[in-house]
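**Student:** Listed here are the chains, written in short residue letters.
2 protein chains.
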Amino acid sequence: MSPNNKLTIGLFGYGVVGKGLYSVLHNTPTLTSTIKKICIKDISKKRDIDSSRFTTNAANLLQEDEINVIVEVIDDADAAFKIVKQALQNGKAVVSANKKMIAEHFEELLELQKKYNVPFLYEASCCASMPIIRNLEEYYDNDLLNSFRGIINGSTNYILSKMSTEKQDFKTALLNAQAAGFAESNPALDIEGYDAVNKLTILLAHSFGVVTKPSQILFTGIQNTSEVDTQYALEKELKIKLVGSIKKLQNGRLAAFVLPQFVNTNDDLFFVENEFNAAITESTFADKHFFKGKGAGAYPTASAVLSDIGALRYNYKYEYKKLYNNDAIELTNDYYLNVFISTNDISKIKKEEFEWIDAYQNTFSKCWLTGVIHAQKLITSNWWKQQGVSLILCEDAIVENVDYKKISKQSLALAGIT
Amino acid sequence: MSPNNKLTIGLFGYGVVGKGLYSVLHNTPTLTSTIKKICIKDISKKRDIDSSRFTTNAANLLQEDEINVIVEVIDDADAAFKIVKQALQNGKAVVSANKKMIAEHFEELLELQKKYNVPFLYEASCCASMPIIRNLEEYYDNDLLNSFRGIINGSTNYILSKMSTEKQDFKTALLNAQAAGFAESNPALDIEGYDAVNKLTILLAHSFGVVTKPSQILFTGIQNTSEVDTQYALEKELKIKLVGSIKKLQNGRLAAFVLPQFVNTNDDLFFVENEFNAAITESTFADKHFFKGKGAGAYPTASAVLSDIGALRYNYKYEYKKLYNNDAIELTNDYYLNVFISTNDISKIKKEEFEWIDAYQNTFSKCWLTGVIHAQKLITSNWWKQQGVSLILCEDAIVENVDYKKISKQSLALAGIT
Chain Z
1 MSPNNKLTIG
11 LFGYGVVGKG
21 LYSVLHNTPT
31 LTSTIKKICI
41 KDISKKRDID
51 SSRFTTNAAN
61 LLQEDEINVI
71 VEVIDDADAA
81 FKIVKQALQN
91 GKAVVSANKK
101 MIAEHFEELL
111 ELQKKYNVPF
121 LYEASCCASM
131 PIIRNLEEYY
141 DNDLLNSFRG
151 IINGSTNYIL
161 SKMSTEKQDF
171 KTALLNAQAA
181 GFAESNPALD
191 IEGYDAVNKL
201 TILLAHSFGV
211 VTKPSQILFT
221 GIQNTSEVDT
231 QYALEKELKI
241 KLVGSIKKLQ
251 NGRLAAFVLP
261 QFVNTNDDLF
271 FVENEFNAAI
281 TESTFADKHF
291 FKGKGAGAYP
301 TASAVLSDIG
311 ALRYNYKYEY
321 KKLYNNDAIE
331 LTNDYYLNVF
341 ISTNDISKIK
351 KEEFEWIDAY
361 QNTFSKCWLT
371 GVIHAQKLIT
381 SNWWKQQGVS
391 LILCEDAIVE
401 NVDYKKISKQ
411 SLALAGIT
Chain Y
1 MSPNNKLTIG
11 LFGYGVVGKG
21 LYSVLHNTPT
31 LTSTIKKICI
41 KDISKKRDID
51 SSRFTTNAAN
61 LLQEDEINVI
71 VEVIDDADAA
81 FKIVKQALQN
91 GKAVVSANKK
101 MIAEHFEELL
111 ELQKKYNVPF
121 LYEASCCASM
131 PIIRNLEEYY
141 DNDLLNSFRG
151 IINGSTNYIL
161 SKMSTEKQDF
171 KTALLNAQAA
181 GFAESNPALD
191 IEGYDAVNKL
201 TILLAHSFGV
211 VTKPSQILFT
221 GIQNTSEVDT
231 QYALEKELKI
241 KLVGSIKKLQ
251 NGRLAAFVLP
261 QFVNTNDDLF
271 FVENEFNAAI
281 TESTFADKHF
291 FKGKGAGAYP
301 TASAVLSDIG
311 ALRYNYKYEY
321 KKLYNNDAIE
331 LTNDYYLNVF
341 ISTNDISKIK
351 KEEFEWIDAY
361 QNTFSKCWLT
371 GVIHAQKLIT
381 SNWWKQQGVS
391 LILCEDAIVE
401 NVDYKKISKQ
411 SLALAGIT
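Line by line, the protein sequences are chains Z and Y. All residue numbers for the first sequence refer to my numbering, where the first residue is 1 and numbers rise by one. All residue numbers for the second sequence refer to my numbering, where the first residue is 1 and numbers rise by one.
Please keep in mind that the hints were generated in silico from the structure rather than gathered at the bench. Be a bit skeptical, because a hint or two may be false.
[Unchecked claim] Derived list of chain Z stretches under chain Y, where covered just means 3 residues or more per stretch with a C-beta under 8 angstroms from a C-beta of chain Y:
#: 1; segment: 125 to 137
#: 2; segment: 294 to 308
[Said to hold, decoys possible] FRET-style restraints, in silico, Cβ to Cβ:
#: 3; chain 1: Y; residue 1: ALA188; chain 2: Z; residue 2: GLN250; range: 42 to 50 angstroms
#: 4; chain 1: Z; residue 1: THR380; chain 2: Y; residue 2: THR165; range: 41 to 49 angstroms
#: 5; chain 1: Y; residue 1: GLU235; chain 2: Z; residue 2: LYS317; range: 53 to 61 angstroms
#: 6; chain 1: Y; residue 1: ASP48; chain 2: Z; residue 2: LEU249; range: 28 to 36 angstroms
#: 7; chain 1: Y; residue 1: TYR116; chain 2: Z; residue 2: ALA59; range: 44 to 52 angstroms
#: 8; chain 1: Z; residue 1: SER51; chain 2: Y; residue 2: ALA328; range: 36 to 44 angstroms
#: 9; chain 1: Z; residue 1: LYS317; chain 2: Y; residue 2: ASP327; range: 24 to 32 angstroms
[Claimed, not checked] Below, simulated DSS-like cross-link-like pairs (lysine-lysine); rule was C-alpha separation at most 30 angstroms, straight line:
#: 10; chain 1: Z; residue 1: LYS317; chain 2: Y; residue 2: LYS114
#: 11; chain 1: Y; residue 1: LYS350; chain 2: Y; residue 2: LYS236
#: 12; chain 1: Y; residue 1: LYS236; chain 2: Y; residue 2: LYS351
#: 13; chain 1: Y; residue 1: LYS213; chain 2: Y; residue 2: LYS85
#: 14; chain 1: Y; residue 1: LYS236; chain 2: Z; residue 2: LYS167
#: 15; chain 1: Y; residue 1: LYS115; chain 2: Z; residue 2: LYS317
Glycine included, C-beta positions come from ideal geometry on N, C-alpha and C.
Use the sequences and the hints to build the structure in full.
**Tutor:** Encoded structure:
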């Protein structure tokens with residue numbers, strides 16, 4: 001009942017996460033893990049530990065026999081993939097936090113793990129400190145998972161919180177998020193939903209065993225969220241959250257998307273503020289589980305990396321049980337969504353793409369409508385992503401079966417409004 | 001990357017949990033697990049499956065070579081311990097949901113696991129469907145855990161919810177809990193806090209590596225919670241919850257107790273209603289994590305048992321890392337608590353046991369006070385548990401260092417009130 005492995009670590013990256021890791025590992029002797037060498041880009045930078053620890057030559061880590069674990073906490077996704085690939089090929093276990101790299105190369109990374117039979121762990125890539133991958137992998141194994149929903153990007157949640165609770169406009173909220181260290185200096189990755197859809201891609205594999213590319217998933221961010229939207233939310237006692245959703249439909253196939261959504265007080269996501277992330281799983285026997293934790297910041301990320309390092313000492317690796325053991329489950333875009341759309345110019349909305357329109361308002365200061373649209377129509381068009389158009393899912397987002405008999409004459413009449 | 005073990009199960013108990021398990025296991029062929037034999041008390045009862053599956057002779061399961069896993073979902077803690085002990089001695093893996101049995105025999109069960117080197121899993125014993133033991137064991141491994149707080153009894157939370165949101169009195173709320181299937185026919189185990197303190201004992205081992213007996217822990221239930229209390233909570237926008245707490249104090253030792261507590265809207269536990277359970281962990285790097293899930297009911301319990309069975313297929317066992325790898329950490333009763341006490345008779349309150357009293361009200365309809373008392377004084381006396389006296393922790397429960405200089409003259413004056 002004691003750890004089996006002594007870990008000798010080669011660390012790529014010595015930013016805030018790398019620094020935190022180094023300090024913890026060297027101050028916790030029970031971990032029996034040491035960082036032997038650290039690979040960085042700029043050797044001339046002044047650092048707080050002995051310079052002999054550092055190298056700019058990746059081979060000094062990747063080719064070093066004594067090093068049995070590579071921990072990679074650099075920003076550059078392309079460089080990260082090269083490091084991870086080489087490390088796995090050389091039989092070294094790898095811990096990474098790079099969601100973009102993992103999401104884009106998921107299939108190759110699976111093959112590498114199979115071929116070289118070494119563990120590759122990446123808990124920090126989704127929801128930072130929260131053990132979400134581990135729980136999806138280990139716990140929702142036999143019990144049939146029906147859905148996953150979550151706030152999986154801390155920066156956008158921080159901005160939406162500031163817009164909602166402190167009535168800040170989008171730009172001010174973004175500047176505050178950057179000042180607080182919760183948004184990149186180039187915030188497009190977070191704001192436009194790329195980060196969240198990368199994470200959802202990884203979560204799809206661990207929750208339902210589906211391997212896909214981020215580009216195949218319906219998504220947007222909060223770049224167009226306006227004061228009309230937050231005002232509408234406020235009036236109806238709703239909040240806007242950027243939500244990643246995976247749902248098993250009645251036909252057995254999966255709907256998956258990352259879109260802003262109105263949530264009400266009956267939804268646990270309503271109470272998730274600032275940089276916190278959250279996940280709701282729904283399964284046949286366990287019913288609903290709700291998890292909440294810090295989804296951004298150096299320490300929460302370091303904590304997940306640390307946990308992966310700890311798990312390696314016990315020979316832990318992802319079994320990808322859903323992927324290898326279960327029947328294949330397919331993604332589909334054949335479902336409908338209940339949406340709210342606001343705009344500064346009604347002509348930007350393609351009303352003919354809707355199945356029907358439920359409500360509509362066009363005054364001097366605000367123009368919005370709510371209606372039902374097929375998911376495929378959103379995937380194959382861009383009008384709803386253009387500047388000045390903001391799409392937000394209604395609380396009850398997915399409509400599986402559209403019964404046209406139920407559409408009132410009024411709805412049809414509204415659809416004709418120009 | 002495929003499961004290593006084919007499991008052949010001997011099941012003790014065929015109540016709601018046992019039935020659910022049987023049905024799922026036989027309808028999910030990917031599980032490659034089968035229930036070979038079921039041991040029950042009354043063979044004459046009419047059952048929904050072939051009677052040849054059943055036996056009243058425990059030896060038919062425990063001595064059967066083909067059976068490599070014993071799943072025990074019976075009520076009787078003493079009988080359960082005999083079954084589990086014999087099974088482990090015979091080299092069979094065991095899954096149990098019996099918190100009373102596990103809490104009371106923790107040390108013996110540890111020895112049995114060591115001696116016979118077989119896994120003993122019991123996720124269902126704490127918070128039913130929530131993977132709380134697994135997460136404490138696996139995830140909060142290296143990151144330094146500072147505290148655990150949780151709602152770990154579904155029945156009492158259901159009753160408190162009904163008292164708070166529907167203004168039901170205690171008796172009506174209890175009857176409703178029983179009708180909804182969330183309380184035992186003899187509800188004392190839940191209501192008086194025994195169930196919660198059993199769970200806290202188990203959680204102490206997995207969160208901080210401390211092995212103790214339930215009888216060593218400060219606890220009570222909600223048996224004396226009155227309308228004065230719920231009215232006080234309502235006026236101050238608080239809710240009352242029965243909270244299990246473990247906290248590492250500044251002196252490195254642990255405070256642990258199960259007591260009713262006022263929580264405000266800044267506390268995630270505020271939003272946990274009805275039969276739901278919840279847990280909040282706080283650790284140095286990951287910061288706060290919040291988990292919520294169904295803590296009572298047949299299916300949530302079956303789901304956790306199922307998850308343990310799934311884990312056995314991958315040779316999973318608890319490593320008890322905190323217990324075996326870390327420095328010993330000690331429980332202490334040397335700390336103070338901020339408490340609210342209401343009573344129907346002021347003479348029942350031993351005011352002299354308080355360090356000081358902050359506020360005090362004694363009118364025809366209500367009598368209550370708030371003040372600070374040493375934990376050891378609560379452990380060694382029973383006046384605060386007697387009928388007509390209700391103790392509830394304040395939001396900020398633990399006072400580590402009492403600075404007597406700060407006590408105002410008013411407080412000292414109040415302490416003299418009779």
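**Student:** A separate judgement is required for each hint: does it hold in the structure or not?
**Tutor:** Hint by hint, here is what the structure shows:
1. Given as covered by chain Y, the segment 125 to 137 of chain Z passes the check, having 5 residues with a CB less than 8 angstroms from a CB of that chain where 3 are the minimum.
2. Proximity of the segment 294 to 308 of chain Z to chain Y, defined as three or more residues with a beta carbon under 8 angstroms from a beta carbon of that chain, is established by the 8 residues found.
3. Between Y/ALA188 and Z/GLN250, the C-beta spacing of about 45 angstroms keeps the proposed range 42 to 50 angstroms intact.
4. Checking the proposed 41 to 49 angstroms range against Z/THR380 and Y/THR165 shows it holds: the Cβ atoms sit about 47 angstroms from each other.
5. For the hinted restraint 53 to 61 angstroms between Y/GLU235 and Z/LYS317, the CB-CB distance of approximately 54 angstroms keeps it satisfied.
6. Hint check: Y/ASP48 to Z/LEU249, Cβ distance near 31 angstroms, so the stated range 28 to 36 angstroms holds.
7. Distance hint for Y/TYR116 and Z/ALA59: a CB-CB separation of about 48 angstroms, consistent with the stated range 44 to 52 angstroms.
8. The beta-carbon spacing between Z/SER51 and Y/ALA328, approximately 39 angstroms, falls within the hinted interval of 36 to 44 angstroms.
9. A C-beta distance of roughly 29 angstroms is found between Z/LYS317 and Y/ASP327, which places it inside the suggested range of 24 to 32 angstroms.
10. A threshold of 30 angstroms between alpha carbons decides the hint, and for Z/LYS317 with Y/LYS114 the separation of about 24 angstroms falls inside it, so the pair holds.
11. Of the supplied pair hints, the one linking Y/LYS350 and Y/LYS236 holds, its CA atoms being roughly 26 angstroms apart against a limit of 30 angstroms.
12. Distance hint between Y/LYS236 and Y/LYS351 is fulfilled; the C-alpha atoms sit about 24 angstroms from each other, no more than 30 angstroms.
13. For the hint linking Y/LYS213 to Y/LYS85, the alpha-carbon distance of about 19 angstroms falls within 30 angstroms, and the restraint holds.
14. Taken as a hint, the Y/LYS236 and Z/LYS167 pair is honoured in the structure, with Cα atoms around 27 angstroms apart against an allowance of 30 angstroms.
15. Taken as a hint, the Y/LYS115 and Z/LYS317 pair is honoured in the structure, with Cα atoms around 27 angstroms apart against an allowance of 30 angstroms.
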